Amino acid sequence: MDKLPRIPSPPGTLWREFRVTAMPCIVFAAVLGLTAVTWRSYVGPSSLVGEVEAVRALVAAPQAGRIVELDVRHMERVSKGQLLGRIVVADPKVLQANLALSKARIELIRMSPVPELRLGNNGISYENLRLRWLEQRLSLATAKSDLTYYEAEFARAQKLFSEQLISQASLDLARKNVEITRTKIDEQTKLLAEAEIAIRSVKPADPSPSVDGMPGSVKAAMDVEQRNLDLLEAQMAPLPLVCPIDGVVSVVNHRVNESVAAGEAVLTVSAIAADRIVAYLRQPLTYEPRINQRVEVRARSHRRGSGQGQIIAIGAQLEPVLAELLPMKAANGAAEYGRPIVVSVPPGLGVLPGEIVDLRPID
Amino acid sequence: MGNWLLRGDFGTVPDDLEGMALGLMLAFLCGHVIAWVYMACHSGLSYSRSFVNALIVLCLIVSVVMMVMANNILVAFGLMAVFAIVRFRNVLRDTLDATYILASITVGMACGTRKFSTAVLATLVFAALMMYLHWSRFGARHRYDLILNLHWARPLGDLPDLAGLLDRHSRRTQLASQRSNTGYDGSDLSYRLLLRDTGRMDELVTELRSFPGVSRVTSLKAEDESEV
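Order-wise, the sequence lines are chains F and U. If you read the first sequence in the numbering used here, its first letter stands for residue -8, the second for the next number, and so on. If you read the second sequence in the numbering used here, its first letter stands for residue 79, the second for the next number, and so on.
No wet-lab data here; the hints were simulated from the structure. Since this is a predicted model, take the numbers as computed values, not measurements. Be careful, since some hints might not be right.
Unchecked claim - Simulated restraints on C-beta separations:
#: 1; chain 1: F; residue 1: 253; chain 2: U; residue 2: 190; range: 47 to 55 Å
#: 2; chain 1: F; residue 1: 14; chain 2: U; residue 2: 291; range: 23 to 31 Å
#: 3; chain 1: F; residue 1: 5; chain 2: U; residue 2: 252; range: 35 to 43 Å
#: 4; chain 1: U; residue 1: 190; chain 2: F; residue 2: 291; range: 24 to 32 Å
#: 5; chain 1: F; residue 1: 5; chain 2: U; residue 2: 190; range: 43 to 51 Å
#: 6; chain 1: F; residue 1: 3; chain 2: U; residue 2: 231; range: 34 to 42 Å
#: 7; chain 1: U; residue 1: 252; chain 2: F; residue 2: 276; range: 58 to 66 Å
Don't be surprised by glycine CBs; every beta carbon is placed ideally from N, CA and C.
Turn these sequences into a full structure, and let the hints guide you.
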């Protein structure tokens, strides 16, 4: 029997047949392909979880004192060696008292039964010049201490004047005090320099009491006052707070005019970039990591960038795994131990310090 | 895709779009495979296309549920409570109906927990999935248009001649039953046909009736809705 010709199917029937029979397979294949692509670009196999090492440096007060200047703000970029602020070690009132005490002691030395010293300005002996030099230094230190006070007063007056709480005359007076004191400091600084030259010119080769007939006790007292003056000047000079690393000010612990204890952190500076990743090989330890072993590092941030780093250090013992690296933080706070591994950050990966990354040993 | 969708999650644990999309696609694929396995392995009379569809949809919705819950036990209790309230008030006879309810609850929870991206994405994916299942009539195993019963008086060895005629009209032919008794000439045959052109069904019946050896031709048109 001859084969009968098949009747043609109308387009509607063909279309229905297509969507009923072929469409599920096509959709499944399409979604499968899309899933595979997304999986490769997004998930990636990871056997280790690590954290880009966050480098933080504390800028601490070297001595107890008061912050008189803070030049940076929160989240401000800073560079290594940059001056971040200043701390005045001594309290102004204590400093003033010490200066007054030193002044009284020098006056006491002048009242000693040594003729050259009692001659006052007419004397030209070395010790007489030295005593005058000490007096000038003391006067300069007092002027500097006054300047600190007057500057604070002027700043306060400016604020009060802006709020219309004091008159223009009061503001002018505060400004005048600052200017006069500055002028005084300038003049005394010059005078002190000249006095130092004069002292050097008359300084005896042998400063023994037999040379100028000065009693040893008076000389010793003058030495003590000179050292005391050195100490006061050092205390008056503000201590600089220097930035130890390049980074960003991440924490500001204290503000201007706050008092800080010795060693107390004033600022925290966080590094902008990091070059190490700290990962933990969780138990059970399934493989033995090697130094210089290549590791694929995959960021968890948007776009999931990846690169190759190297194992640069391997811990000798198991240590507590950082809580943020555990898949689910234990509700009871129980610690999990793993073997720490340090991996270099692949160049150009663009991960931030503190960011969590996925790691996979390659070979 | 705009940032409004990428960064629309304000919940306690915000999800990223790639992760959510990957989870949903995997759920779809896994559910699809499970449904196919069910279709291939199911035996008995209780087969339901709606149930097969529900296997896929449930897989996907549960993945959204887990995204919304995000390890939050309070949200989990909330989901159970809401679903229990709906289930208690309304007896859902169809599994697929239950998935619609579950989808609505889940999307509502996503909105309520400020996971707006999740809510938008889940709604779009759910809608696309349901349209796809409906459009492709996914889960229909016995696709045929016509049930054809006839008496074949000639020897069974001549059946290929009849098959030639059926092949002319039918894209797929399935001999569903064949009955022959002792002392009874010929055989009663029952065919399931997927027609090439459903509009020419009468033409097929006419040709069969004039075909040598064929008699007592009856036909029953099978509609799409015959298999729920």
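How the hints compare with the structure:
Against the hinted window of 47 to 55 Å, the Cβ-Cβ separation of residue 253 of chain F and residue 190 of chain U comes to about 53 Å, which satisfies the hint. Checked against the given bound of 23 to 31 Å, the beta carbons of residue 14 of chain F and residue 291 of chain U, roughly 39 Å apart, lie outside it. Between residue 5 of chain F and residue 252 of chain U the C-beta distance comes to about 20 Å, which lies outside the given range of 35 to 43 Å. For residue 190 of chain U paired with residue 291 of chain F, a C-beta distance near 27 Å keeps the hint of 24 to 32 Å intact.
For residue 5 of chain F and residue 190 of chain U, the Cβ-Cβ distance of about 47 Å falls inside the hinted range of 43 to 51 Å, so the restraint holds. With their beta carbons about 36 Å apart, residue 3 of chain F and residue 231 of chain U fall inside the hinted range of 34 to 42 Å. A hinted range of 58 to 66 Å holds for the C-beta pair residue 252 of chain U and residue 276 of chain F, which are about 59 Å apart.
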